[in-house]
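S.K.: If you're matching them up, the sequences are chains U and E in order. Residue numbers for the first sequence follow this note's numbering, so the first one is 1 and each next one is one higher. Residue numbers for the second sequence follow this note's numbering, so the first one is 1 and each next one is one higher.
The hints are simulated quantities; they were obtained by calculation from the structure and are not laboratory data. As the structure is a computational prediction, the values presented were derived from the model and not from experiment. Where a beta carbon is used, it is the ideal one built from N, C-alpha and C, also for glycine. One or more hints might be untrue.
[To be verified] Result set (EDC-like, lysine to aspartate or glutamate): computed pairs, CA atoms no more than 16 angstroms apart in a straight line:
id	chain 1	residue 1	chain 2	residue 2
1	U	Lys35	E	Glu327
2	U	Lys109	E	Glu737
3	E	Lys328	U	Asp36
4	E	Lys183	E	Asp74
5	E	Lys441	E	Asp77
6	E	Lys205	E	Asp330
7	U	Lys109	E	Asp140
8	E	Lys441	U	Glu209
9	E	Lys18	E	Asp330
10	U	Lys35	E	Glu737
11	U	Lys22	U	Asp43
[Claimed, not checked] Quick list of the computed label-pair ranges, beta carbon to beta carbon:
id	chain 1	residue 1	chain 2	residue 2	range
12	U	Ser137	E	Ala389	16 to 26 angstroms
13	U	Pro67	E	Ala334	24 to 34 angstroms
14	U	Gly26	E	Lys183	53 to 63 angstroms
15	U	Ala226	E	Pro695	49 to 59 angstroms
16	E	Glu613	U	Gly26	34 to 44 angstroms
17	E	Ser253	U	Ser169	44 to 54 angstroms
18	U	Ala226	E	Ser253	38 to 48 angstroms
19	E	Asp342	U	Ala30	46 to 56 angstroms
20	E	Arg384	U	Ser169	51 to 61 angstroms
21	E	Gly76	U	Asn160	50 to 60 angstroms
22	U	Gly133	E	Gly704	17 to 27 angstroms
23	E	Arg413	U	Arg104	38 to 48 angstroms
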Amino acid sequence: MKFAIIEFPGSNCDHDAYHAAKHVLGQQAAFVWHKDTGLAGADAVVLPGGFSYGDYLRTGAIARFSPVMETVRQFAAEGGPVIGICNGFQVLLEAGLLEGALLRNRRLKFLCQHVHVRVEQTDTPFTGGAQVGQVLSLPIAHGEGSYHTTAETLASLEANRQVIFRYCSQDGAMQDAANPNGSLAAVAGICNPERNVVGLMPHPERACESALGSEDGRVVLESVVAAVAA
Amino acid sequence: MDPATIEAHGLTADEYQKVLDILGREPTLTELGIFSVMWSEHCSYKSSRVHLKRLPTEGPRVVQGPGENAGAVDIGDGLAAVFKIESHNHPSFIEPYQGAATGVGGIIRDIFTMGARPIALLNSLRFGALDDPATRRLVDGVVAGIAGYGNSIGIPTVGGEVDFDPSYAGNPLVNVFCLGVAKADQLAKGLASGAGNPVYYVGAKTGRDGIHGATMASAEFDENSAENRPAVQVGDPFMEKLLLEACLEVMKSDALVGIQDMGAAGLTCSTCEMGARGDAGIEIDVSLVPQRETGMNAYEIMLSESQERMLLVAQKGREAEVEAIFEKWDLHAARIGEVTGDGLLRVKHAGEVVAEIPNRPLADQAPLYNRQTSRPEYLDDVQRLDESALDPSPDLGRVWLDLLCAPSIASRRWIYRQYDHMVRTNTIALPGLGAAVVRVKGTDRALAFSVDGNGRYCYLDPLEGGRLAVAEAARNVACAGAQPIGATNCLNFGNPERPEIMWQFAQAVDGIADACGALGIPITGGNVSLYNETEGQAIHPTPVLGVVGVIDDASRVLNRVFPAADLDIVLLGEATGGLGGSEYLKRMHRLVRGRPAPVDLDRERALQTLLVELVAEGLIGSAHDCAEGGVAITLAECCIDSGVGAVVDLPPVGSQDGLMATRALFGEAPTRVVVSALPGTRDQLLSKARAAGVPAAVIGRTGGARVTIGVADEIVADVGLDDAEQAWSLGLTRHFERAAS
Numbered sequence: 001m002k003f004a005i006i007e008f009p010g011s012n013c014d015h016d017a018y019h020a021a022k023h024v025l026g027q028q029a030a031f032v033w034h035k036d037t038g039l040a041g042a043d044a045v046v047l048p049g050g051f052s053y054g055d056y057l058r059t060g061a062i063a064r065f066s067p068v069m070e071t072v073r074q075f076a077a078e079g080g081p082v083i084g085i086c087n088g089f090q091v092l093l094e095a096g097l098l099e100g101a102l103l104r105n106r107r108l109k110f111l112c113q114h115v116h117v118r119v120e121q122t123d124t125p126f127t128g129g130a131q132v133g134q135v136l137s138l139p140i141a142h143g144e145g146s147y148h149t150t151a152e153t154l155a156s157l158e159a160n161r162q163v164i165f166r167y168c169s170q171d172g173a174m175q176d177a178a179n180p181n182g183s184l185a186a187v188a189g190i191c192n193p194e195r196n197v198v199g200l201m202p203h204p205e206r207a208c209e210s211a212l213g214s215e216d217g218r219v220v221l222e223s224v225v226a227a228v229a230a
Numbered sequence: 001m002d003p004a005t006i007e008a009h010g011l012t013a014d015e016y017q018k019v020l021d022i023l024g025r026e027p028t029l030t031e032l033g034i035f036s037v038m039w040s041e042h043c044s045y046k047s048s049r050v051h052l053k054r055l056p057t058e059g060p061r062v063v064q065g066p067g068e069n070a071g072a073v074d075i076g077d078g079l080a081a082v083f084k085i086e087s088h089n090h091p092s093f094i095e096p097y098q099g100a101a102t103g104v105g106g107i108i109r110d111i112f113t114m115g116a117r118p119i120a121l122l123n124s125l126r127f128g129a130l131d132d133p134a135t136r137r138l139v140d141g142v143v144a145g146i147a148g149y150g151n152s153i154g155i156p157t158v159g160g161e162v163d164f165d166p167s168y169a170g171n172p173l174v175n176v177f178c179l180g181v182a183k184a185d186q187l188a189k190g191l192a193s194g195a196g197n198p199v200y201y202v203g204a205k206t207g208r209d210g211i212h213g214a215t216m217a218s219a220e221f222d223e224n225s226a227e228n229r230p231a232v233q234v235g236d237p238f239m240e241k242l243l244l245e246a247c248l249e250v251m252k253s254d255a256l257v258g259i260q261d262m263g264a265a266g267l268t269c270s271t272c273e274m275g276a277r278g279d280a281g282i283e284i285d286v287s288l289v290p291q292r293e294t295g296m297n298a299y300e301i302m303l304s305e306s307q308e309r310m311l312l313v314a315q316k317g318r319e320a321e322v323e324a325i326f327e328k329w330d331l332h333a334a335r336i337g338e339v340t341g342d343g344l345l346r347v348k349h350a351g352e353v354v355a356e357i358p359n360r361p362l363a364d365q366a367p368l369y370n371r372q373t374s375r376p377e378y379l380d381d382v383q384r385l386d387e388s389a390l391d392p393s394p395d396l397g398r399v400w401l402d403l404l405c406a407p408s409i410a411s412r413r414w415i416y417r418q419y420d421h422m423v424r425t426n427t428i429a430l431p432g433l434g435a436a437v438v439r440v441k442g443t444d445r446a447l448a449f450s451v452d453g454n455g456r457y458c459y460l461d462p463l464e465g466g467r468l469a470v471a472e473a474a475r476n477v478a479c480a481g482a483q484p485i486g487a488t489n490c491l492n493f494g495n496p497e498r499p500e501i502m503w504q505f506a507q508a509v510d511g512i513a514d515a516c517g518a519l520g521i522p523i524t525g526g527n528v529s530l531y532n533e534t535e536g537q538a539i540h541p542t543p544v545l546g547v548v549g550v551i552d553d554a555s556r557v558l559n560r561v562f563p564a565a566d567l568d569i570v571l572l573g574e575a576t577g578g579l580g581g582s583e584y585l586k587r588m589h590r591l592v593r594g595r596p597a598p599v600d601l602d603r604e605r606a607l608q609t610l611l612v613e614l615v616a617e618g619l620i621g622s623a624h625d626c627a628e629g630g631v632a633i634t635l636a637e638c639c640i641d642s643g644v645g646a647v648v649d650l651p652p653v654g655s656q657d658g659l660m661a662t663r664a665l666f667g668e669a670p671t672r673v674v675v676s677a678l679p680g681t682r683d684q685l686l687s688k689a690r691a692a693g694v695p696a697a698v699i700g701r702t703g704g705a706r707v708t709i710g711v712a713d714e715i716v717a718d719v720g721l722d723d724a725e726q727a728w729s730l731g732l733t734r735h736f737e738r739a740a741s
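Modelling step: build the complete structure from the supplied sequences, incorporating the hints.
M.R.: Quick look at the structure:
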């Protein structure tokens, strides 16, 4: 299958996603410049991490106006799998493809460390190969990753099982100490009601090789490979 | 020109006479400004050049030595590692966030200007004591600034070092190291050639920020220094990210002739140096320079140190190709002039010539001072240490915990977790576990680096301190299994016009030259930061060495963590000397005294060669050198990171007095490394060590939940891993967070 990796000015995890898709998973991958309006015939879209447009305004607030985003919106509307990682998640929220917002981390510091996240739902293209309750060790690297939304939206996300990943302890328990950024309901990742658009703050593409300390992120990318093949 | 104006530009009477000789007439104000920044200490190295010549700069792997924007060494597979370290001390004191951020931005530009893709950042920081709120504010701002720039641009900050001492209270040190990888035969050069070739300006617009930054960095601080705040620039990592990508794309095309960033002294330095290197003239019209303020005159435009700007020379006739690449990245390449054949730097303002200076003399005939040196009087006193007068500490276990909690030793996690140290997915050694290691994608190799320097050692003995800094940085790299192949240095000292400071400088350079020569590690570039004084009080002399090593098989890379229980622990090297200059003496007895234990460079070389072999042959499971806090701290760190305890027994050190055990635990003799032998490899390891002439002794075994140290079969310190970890992990954090998360 083929991954399209969208490059905004200021994206900086684009090469990491490309490397994971192409050299670790052995799939095809293509960079798509944000001014383009095609997706190079890709089967899945990755909005990578970084600091699009420097994130001087609000994270992702300018990137959502890039020409390519209309194409991504259409691709998603047709059921195509789309994943936003870190800044990509922020862009998806700003673009209205996912609900909620990401605030400054609760201690107001950028945090780069491995965390544990629990897979909450497996009926998305990005978690189909995982088990419910499976604990993944994934890195985070963000300053604005504290998920927030209204009580009503949270209730509807929960009711529709749209919370896909939650921060947890090593053994899968929900603990405040295991929530690195103060996210509401320990939300690390969510999906849209149609379940084909997923956004998450942790970086699965940084955890695909044992040399980097964890291979737990592979299941996210391998799931979509399997979903596209099915 | 009136004497007050000349003096305000930091030029001496002799220097001004030289200006008159070169021009054959009085300079214009713009010309005076140009000479002033080009001949500042910061740009001309006028006090240090005479000494820097003694550093070894050649070797079979050197692709680019000093003189370009950064040095480069061959790492195999047709690739070169391009690296340099630079200081941003003065700006960081005045405005910690922006000072540190623009320091990061500056060194990154030096690396990609060479045509290399930057893949790693490190930093070396010095601050005053942490109980001072002003220091905590500086630490917070500097760390946030480094994080803010590096994280945004997407270059991982993979390691570094930090120390705290009152001597840095009024003069913190912020040294930043960057490394990139390029094709060895395709390095870009900062030169202008080919009369008629267009000169382009790309990047951020020019403002009035940072005018005379280079001059500021060449003066001492006084109580009015805060008024210099407008001379500190503001960084824009997003702009630099665009520049980085666009410039690397332009460099792939042969339409580019030369390129240079505008760092200190901005447009002045880049035009003059590019012209001088290419033996060409450059003519520019500053009214064509993109400006973000109105009414700027030629003087201001030439001297502005606005960040994120590049100057490049393209092939005539290929303009459209170059311009198109910048347009793709939403950057506008402004054509501001052209290369000429007359060797002059000619600056016009709206067509009118405002400066006309011969390039070569401006760059090459900068003043050169062999300043007076004299051995400081304080040395005789501080080098005297009567250990018999020290009260032995009754409970070495408590001392051990106290040292683990010392800001100089404790876990640096509070700092490094603010840095994105994983972006680009090359980081195969996470921070805090030894040397930083990044793999080189597309090859089996990895690069290891370490930045080290001990200002206390250099204060007590600058010659030995210089040697020790090289030895330690190289040893750290060797502990990862990498062969040290090149180094860069950042020399942070006080006011060179004081003979005592100049003596420290000369001695430290001798020490570095000595060690680099003996260990076969060429210096390929670096930076000198002088005038690190506030109200006449100089910092500890602090040379910082950044050593780069290469390991052929990245899968073999080691860190310091004991990999399992029931492994033999082997100490390579021997304890010598006493407690002089030690962290123990400073923390427990409030003494900065004695002489640091000297390094035997032949032994050091044998040890490092052995380490590289042991890792390559897979005989050891971890390696960690002995540094501040001695072997006791080394062992604790190996255990804390792994959650595996250890029981060891050490030989006593020194004369038979109440300090035998203290010296064994906390003495800081160099050339020692604690390794763990993998099951069944002990005898082979010991015989290889014997053959290499490296003393080696099995000192204990891993296992349990405590770290227990005996000396001559008597237990002298025994702490639980939990207690050790708590002390170590809170040592720094407790100063910044009420409740650690």
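S.K.: Next step is simple, just say for each hint if it's right about the structure.
M.R.: Evaluated hints:
no., hint, verdict
1, U:Lys35 to E:Glu327, "12 angstroms, holds"
2, U:Lys109 to E:Glu737, "11 angstroms, holds"
3, E:Lys328 to U:Asp36, "12 angstroms, holds"
4, E:Lys183 to E:Asp74, "9 angstroms, holds"
5, E:Lys441 to E:Asp77, "11 angstroms, holds"
6, E:Lys205 to E:Asp330, "14 angstroms, holds"
7, U:Lys109 to E:Asp140, "10 angstroms, holds"
8, E:Lys441 to U:Glu209, "13 angstroms, holds"
9, E:Lys18 to E:Asp330, "44 angstroms, violated"
10, U:Lys35 to E:Glu737, "44 angstroms, violated"
11, U:Lys22 to U:Asp43, "14 angstroms, holds"
12, U:Ser137 to E:Ala389: 16 to 26 angstroms, "53 angstroms, violated"
13, U:Pro67 to E:Ala334: 24 to 34 angstroms, "26 angstroms, holds"
14, U:Gly26 to E:Lys183: 53 to 63 angstroms, "26 angstroms, violated"
15, U:Ala226 to E:Pro695: 49 to 59 angstroms, "57 angstroms, holds"
16, E:Glu613 to U:Gly26: 34 to 44 angstroms, "35 angstroms, holds"
17, E:Ser253 to U:Ser169: 44 to 54 angstroms, "52 angstroms, holds"
18, U:Ala226 to E:Ser253: 38 to 48 angstroms, "41 angstroms, holds"
19, E:Asp342 to U:Ala30: 46 to 56 angstroms, "50 angstroms, holds"
20, E:Arg384 to U:Ser169: 51 to 61 angstroms, "55 angstroms, holds"
21, E:Gly76 to U:Asn160: 50 to 60 angstroms, "54 angstroms, holds"
22, U:Gly133 to E:Gly704: 17 to 27 angstroms, "34 angstroms, violated"
23, E:Arg413 to U:Arg104: 38 to 48 angstroms, "20 angstroms, violated"
Violation of the numbered hints given earlier is confined to hints 9, 10, 12, 14, 22, 23; the remaining hints are satisfied by the structure.
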